[in-house]
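Could you put together the complete structure from these sequences and hints?
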Amino acid sequence: MQLKDKIEKHLLEVQKPSRYIGGEVGSVIKDKSKVDVRFAFCFPDTYDIGMSHLGMKILYSLTNERENYWCERCYAPGEDFEAVMRENGIPLYALESLDPIKDFDFIGFTMQYELSYTNVLNMLDLAGIPIFSKDRTDELTQIVVAGGPCVCNPEPLADFFDIFILGEGEEVNLELMDLYWEMKQQGASRLDFLRRASQIEGIYVPRFYEFTYKEDGTIAGVTASDNAPETVRKRIIMDMDKVYYPENFVVPFTEIVHDRVSVEVLRGCIRGCRFCQAGFIYRPFREKHTDTICRETRCLCENTGYDEVSLASLSTSDHSEIDPMLTQLIEYTAKERINLSLPSLRVDNFSESLLEKIKKVRKSGLTFAAEGGTQRLRDVINKNVTEEEIMSTCRIAFQGGYSAVKLYFMMGLPTETDEDIVGIAELAQRIVDLFYSIEDRPKGKGVQVSVSCATFVPKPFTPFQFEPQDTREMIEHKQKLLLDSVKTKKVKVAYHDPNVSQLEVILAKGDRRLCKAIYTAWQKGCKFDSWEEHYRFDKWLEAFAECGIDPAFYANRRFGYDEILPWDHLDYLVSKEFLIRENKTAHESRTTPNCRQRCSGCGVNKKVGRECFAESKSSI
Amino acid sequence: MQRVRAVFEKTGRSKYISHLDLNRCMLRTFRRSGLPIWYTEGFNPHPYYAFALALSLGFESRCEIMDFNITDDDMSMDEIRDRLNAVMPEGMGIVSVALQQKKVTAITHADYSFVLETPAPEKLKADIDRLLAAKEIPIEKKTKKGIKTVDIKPDMQVLGCDTAKNGVVMSLRLPAGTQTNYNPTLFFEALKNSGAETFEPAKIMRTAILCEDGTDFV
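Going line by line, the protein sequences match chains E and U.
Just so you know, the first sequence maps onto residues 754 to 1373 in my numbering.
Just so you know, the second sequence maps onto residues -9 to 208 in my numbering.
Keep in mind that the hints were calculated from the coordinates and are not lab data.
Glycine included, C-beta positions come from ideal geometry on N, C-alpha and C.
Please note that the accuracy of each hint is not assured.
What the hints assert, rightly or not - Partial list, derived from the structure: chain U residues whose beta carbon lies under 10 Å from chain E:
no.: 1; residue: Leu17
no.: 2; residue: Arg18
no.: 3; residue: Arg22
Given below as structure tokens:
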């Protein structure tokens, strides 16, 4: 029986079957007899989530532009379909050809969050691909690679992958595939290929690096072998107006999380919030011009048929042409009855004219990331937002007809005290008070202030990479304190499970010794760890214990400035000296101005050989 | 404004598009086509289009009906058909486009063909004949008021029933439309309950949507 028939025989037994059979508008079908290299682009979560990921859309279309390469999509099956697959011997397959991914040349995963690591193991297992890199064939096929933000510290995954791709993939992915095809024709072995690949900038082959450890458990040293470079530098694209951007997306039948056209407006961030990994690992700051953004928006809307578009970036309002850009975009979207959504707006430069513009396009709630409850703490984390700015923005929003505001905070930030937690409740209360002090507030409605508290997770390549995370007891105390400090029903508080955040930090800051624990946890049934209903912290604790891992060593210990960190041999352009300097500045409760105001000397400009704002018209 | 009725097919992989998803899918198809489709004029204007009958998930069809309005009075039916077909998902296509003649309430029946797969076609055929010969074919049907037993025999018309290599090939005419709607799965259920040879329904396809007088609804 053909694999397609096998799949179809059981497809109606599972939820949302259209996720598992392909055939969507915009999916790319090629004649496999005319294709030289096949790439299975895997997202280690379900279709609904993975299909929303912009990076995958870009790299999918980019690879398929090359006639002799074929990139296909693959997602983690839901629990019901996984059971069907295992029961009926259906191997994990790609959605375009419905061919098993074990027969592909590349099996590439995008690692977007730490809690998806066990899903990678589960997907490799479902595919029938050896989970450990060392167990794979000597032949040149089935190369398992990973990219995405989590590979800035890939060590906890090092035993499972042949190659990590650091930084932006638009160029390096094709270079890697070109090398593969060249060497495949020459009959080279897997090891030959990995050796040559390790010479490409941005390619990290973990098997060529050996770690030694001190008695206290910290790293003694890292040695490179097989001529691999001592440090591997991430790749970046310099010109955002010339970089490839897809003209079409795969349009799903079933509803996905971000079911709309997404247009990237800028990369990097000028802000330097000290907790934010994206703010550092995606440097330098690069913008697309308004014309490029408008052209891409129009093209994608016409080709996909979507009636909603959203602008993607870390901070859209930091675009130097934000006002003319929105004017031009809204002119098009209004005429075509397209909804424009603008996530990632900052509180401090949220002008009245900007609000007027977005009011034309949407009328949902407003969300502000205040992150810290007091000014002192916001200074520590370099979230350069003042209470006056939050208040004046809320005032504009209330006068503009909004009556619901959502505020994001973090709990367990470095130097945080009980006073900072009480400060969250007080800030929310002052916003409630502000609402009722406004004469022309929306009538007939009460105000709703939603406070959402995440647990702080220190991440590699941030100034807080050295910081310990609060223990569960500390977080639980703070959560209770916050609940007790809220005196009104107009303020609603939601927070995350601290156990989840603890696993996140262990996987984020872990080293190669964690590979065994991840494998053990998966064997114990851990998968979909980011899904509350699947999360099994007890199983993880068992796995750590069996593998001799002390979770507190990674989660609750301060990493020394002079300690060799598991990711120190990877170069994400920002220098460690800068991160140490920023860490010290944080502990002095001092802020650092944004990159447009003054260069803070992170070192990126020196490495890429270009000033970040020299060419920008709007540099201040 | 032209009131247009399109007959479209939904075959192959597109049978996994649920009715809810079909709505979204058509919205995007219209947008891709760039056709001047009429928008409702309410508080939240949206393109107006309506499906005459819902099709169960997993069923194929050659005769689905979709009504919509085109604001350009000079546009030919051929152009509408071709522009939609150029941007339809795999497995879906417009068979014909014409101005609306009848009201949707004129629909009374629909025909279905399917295969009941079994290793013992002859035995199953005999079981089917026995069920069809019975005085009544009672099934439990879920309604808004709860479960009630109905006899589907008087409303069911067997158009064909033949053994094949892998099972029994059948076609049925069942009530459809705004009054009574019978799904062929009711018949499968009745057959299973009658203690018939085990079978798996496959290749279920709606082949016609009909009016009272037996003519095609278009």
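Hints versus structure:
The criterion of a C-beta within 10 Å of any C-beta in chain E is met by Leu17(U), whose closest approach is roughly 7 Å, and the hint holds. With a cut of 10 Å, the hint placing Arg18(U) at the interface with chain E holds, because the nearest CB-to-CB distance is about 3 Å. This hint holds: Arg22(U) has a C-beta 4 Å from the nearest C-beta of chain E, less than the 10 Å allowed.
The structure agrees with every numbered hint stated previously.
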